[in-house]
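This is what each chain is made of:
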Amino acid sequence: ETGVTQSPTHLIKTRGQQVTLRCSSQSGHNTVSWYQQALGQGPQFIFQYYREEENGRGNFPPRFSGLQFPNYSSELNVNALELDDSALYLCASSSGTMAMSSGNTIYFGEGSWLTVV
Amino acid sequence: GNSVTQMEGPVTLSEEAFLTINCTYTATGYPSLFWYVQYPGEGLQLLLKATKADDKGSNKGFEATYRKETTSFHLEKGSVQVSDSAVYFCALSDRGDSSYKLIFGSGTRLLVRP
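Here the protein sequences line up with chains L and X, keeping their order. Just so you know, this note's numbering puts 412 at position 25 of the first sequence, and the rest follows in order with no gaps. Just so you know, this note's numbering puts 90 at position 34 of the second sequence, and the rest follows in order with no gaps.
Hints listed in this document are in silico derivations from the structure and should not be mistaken for laboratory results. Just so it is clear, CB atoms sit at the ideal spot from N, CA and C, and this is done for glycine as well. Keep in mind that the hints are not guaranteed to be accurate.
[What the hints assert, rightly or not] On the chain X side, residues computed to face chain L include the following (Cβ under 10 Å):
hint, residue
1, Glu98
2, Lys133
3, Phe160
4, Ser162
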């Protein structure tokens, strides 16, 4: 139990639709990151939010966007869904953006499985 | 850019066998190194970590040593159990302008037979 909760756990969408995934971070964690894990691959960094602002982004197009709220919970939005967007989307929370460099742990949720048909 | 390379799986072992999963990395600077485990249908759990050269991370009988000279962080366990069957990911921390992210390898599936 990491204290990071994600919803929904599974969902199916049609190509071209939009989806919103939600994440509640561990208590006291002000940084949240999102990762995409395609089947059989390692997770890939989408972006990171710190104190409600995006402060880092991976190689994903603008149709992937996010929000972080004052309570540090977060949303991942994906517009104009494509078949290749089918994946497990993981949320990770930590205390501060420097968590990894200082050796502090980041915690992952169990993910949201998105299938695009 | 920074990257992580893991041995391809699946790795199939009998219970109580010795496990090694190789991991090498390419990075500028001095990243922290991690092993994560993913059980079927679940998210990622941190297994162990090392934050500087020669550090040894350990947890639940698993160990890995941060080897800067060989840019490696191999995962080992002396005696595996059926319950260790999972996918194991090696990762490093990568610094951006104002953020840190994890760069993962492609994962190695371990299957332990009774």
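> Can Lys133(X) be said to touch chain L, with a Cβ gap under 10 Å?
Replying inline: violated (20 Å)
>> Would the hint on Phe160(X) be counted as holding, given a Cβ-Cβ threshold of 10 Å to chain L?
In response: holds (3 Å)
> Does the nearest C-beta of chain L fall within a distance shorter than 10 Å of the C-beta of Ser162(X)?
Replying inline: Nearest chain L Cβ about 5 Å off; hint holds.
>> Does Glu98(X) hold up as a contact with chain L if the rule is Cβ-Cβ below 10 Å?
In response: holds (6 Å)
Hint compliance for this structure: hint 2 alone is broken.
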